[in-house]
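For the record, the sequence lines run as chains X and G.
Under our numbering, think of the first position of the first sequence as 34, with each following residue one higher.
Under our numbering, think of the first position of the second sequence as 274, with each following residue one higher.
No lab work stands behind these hints: they were computed from the structure.
The structure presented is a predicted model; accordingly, all values stated were derived computationally and were not measured.
A portion of the hints provided could be inaccurate.
Derived SDA-like pairs (lysine to any residue); straight-line CA-CA distance at most 20 Å [what the hints assert, rightly or not]: (1) Lys209/X x Cys221/X; (2) Lys209/X x His191/X; (3) Lys136/X x Thr288/G; (4) Lys136/X x Thr201/X; (5) Lys136/X x Arg218/X; (6) Lys134/X x Ile146/X; (7) Lys209/X x Ser156/X; (8) Lys136/X x Thr321/G; (9) Lys134/X x Met311/G; (10) Lys134/X x Ala304/G; (11) Lys136/X x Gly287/G; (12) Lys136/X x Leu69/X; (13) Lys136/X x Leu152/X; (14) Lys134/X x Asn215/X; (15) Lys134/X x Asn317/G; (16) Lys136/X x Gly210/X; (17) Lys136/X x Met289/G; (18) Lys136/X x Gly207/X; (19) Lys134/X x Phe44/X; (20) Lys134/X x Gly207/X; (21) Lys134/X x Trp308/G; (22) Lys134/X x Gln313/G; (23) Lys134/X x Leu202/X; (24) Lys134/X x His342/G; (25) Lys134/X x Leu211/X; (26) Lys134/X x Ile197/X; (27) Lys136/X x Gln216/X; (28) Lys134/X x Val361/G; (29) Lys136/X x Lys209/X.
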Amino acid sequence: MATRSAIDPAFLDNDGNPLFHLGEDPHHPEGSSTALGFWIYLMSDCLIFACLFAIYAVLGGNYAAGPGPRDLFDLNLVALNTAMLLFSSITYGFAMLAMEKDKVGATQAWLAITGLFGLAFLSIELYEFAHLIHEGATPQRSGFLSAFFALVGTHGLHVTFGIIWLVTLMVQVGQKGLIAANQRRLMCLSMFWHFLDVIWIGVFTFVYLMGMLR
Amino acid sequence: MSAHDHEHSQGSHGTMGSYMIGFGLSVLLTAIPFWLVMNQTFANPQVTAFVIMGFAMVQIIVHMIYFLHMNTRSEGGWSMMALLFTLVLVVITLSGSMWVMYHLNNNMMPHMEHDMSQMP
């Protein structure tokens, strides 16, 4: 039996008698549920990508007598792109480590490097898209190309917004420093950024590498 | 769950060591599939396909553990529950679509050919 003094004061009324209901709703510190909420958003985003992967799996072989993956994809370019995204993942990790040590300058520097790697990834992807469209492999050409542009384009769009978010956070950290709210935001972007890397693993394996095996 | 637990679960961003292990593993797990496909190591493309899918799965798990810091304890296990639920839905979406559309294609094929033979 717990003694009265061991009972959480929240469970006692003003006279010290135990309450059989909570005096007020349990108080959670601000932002304590953000990580879980953001994780659930990422899981719903994962379902969007699952649908796009399913579309690609179904339509990926419908070339409509047009070009196939072997004619279009350049694995060297994809390998370079993958490297850019991997480097940006580890540099974001360094930014989080610097954030934990409360080093504003190092955090900002690593964030900037992450953003540059992200921009390099986007530039290479846009170059690839421009090259494909120039060769007549537009999204309208075949079911395969529609599914390809929808899947890879959606991922690229996520990276674009990730970079915009990253720049926004750099401005916020510059203005307010590494306050608790900014740390929380940086943690959310960290999950977003690493999540995009996980999706890219699926893209380069399923679309590019498996495409070359067809 | 107390406020302290919340702070702890938010503060688990990994260490320099864990990030470097994760990075090293993911570089390896990326480089090997690319190398397998580019050099056509296996004569049978289906073998290559299965092997690179295996590498992708392992790499996704590596990223989940070392970069996304997934474990069964964070958020009182709820993030892991959300992940498992999502995985079930992803598997149903992917395998279901492929299964249905494969049979649809197979069963529609003779009809399609029949139609095509009617073409001038």
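Does the alpha-carbon distance linking Lys134/X and Gln313/G stay inside the 20 Å limit?
-> Measuring from Cα to Cα gives roughly 46 Å; hence the hint is violated.
Regarding the pair Lys134/X and Ile146/X, is the alpha-carbon distance no greater than 20 Å?
-> Measuring from Cα to Cα gives roughly 18 Å; hence the hint holds.
Is Lys134/X close enough to His342/G, meaning Cα to Cα at most 20 Å?
-> Distance ~18 Å between Lys134/X and His342/G Cα, so the pair holds.
Lys136/X paired with Lys209/X [C-alpha distance capped at 20 Å] | holds, 13 Å
Hey, Lys134/X versus Ala304/G, does the alpha-carbon distance stay inside 20 Å?
-> Violated, because 32 Å separates the two Cα atoms, which is more than 20 Å.
Compare the distance between the alpha carbons of Lys136/X and Thr288/G with 20 Å, and conclude whether the hinted pair is satisfied.
-> holds, 15 Å
Satisfaction of hint between Asn317/G and Lys134/X, Cα-Cα up to 20 Å = Measuring from Cα to Cα gives roughly 51 Å; hence the hint is violated.
Taken at face value, is the distance from the CA of Leu202/X to the CA of Lys134/X at most 20 Å?
-> holds, 18 Å
When you check the alpha-carbon spacing of Lys134/X and Leu211/X, does it fall within 20 Å?
-> Since the Cα atoms of Lys134/X and Leu211/X sit roughly 10 Å apart, the hinted pair holds (cutoff 20 Å).
Between Lys209/X and His191/X, does the CA-CA distance stay at or below 20 Å?
-> violated, 26 Å
For the pair supplied as a hint, Lys134/X and Phe44/X, confirm whether the alpha-carbon distance does not exceed 20 Å.
-> It is violated: about 38 Å lies between the C-alpha atoms, which goes past 20 Å.
For the pair we were handed, Lys134/X and Met311/G, check the Cα-Cα distance against 20 Å.
-> violated, 42 Å
The earlier numbered hints that this structure contradicts are 2, 7, 8, 9, 10, 12, 13, 15, 19, 21, 22, 26, 28.
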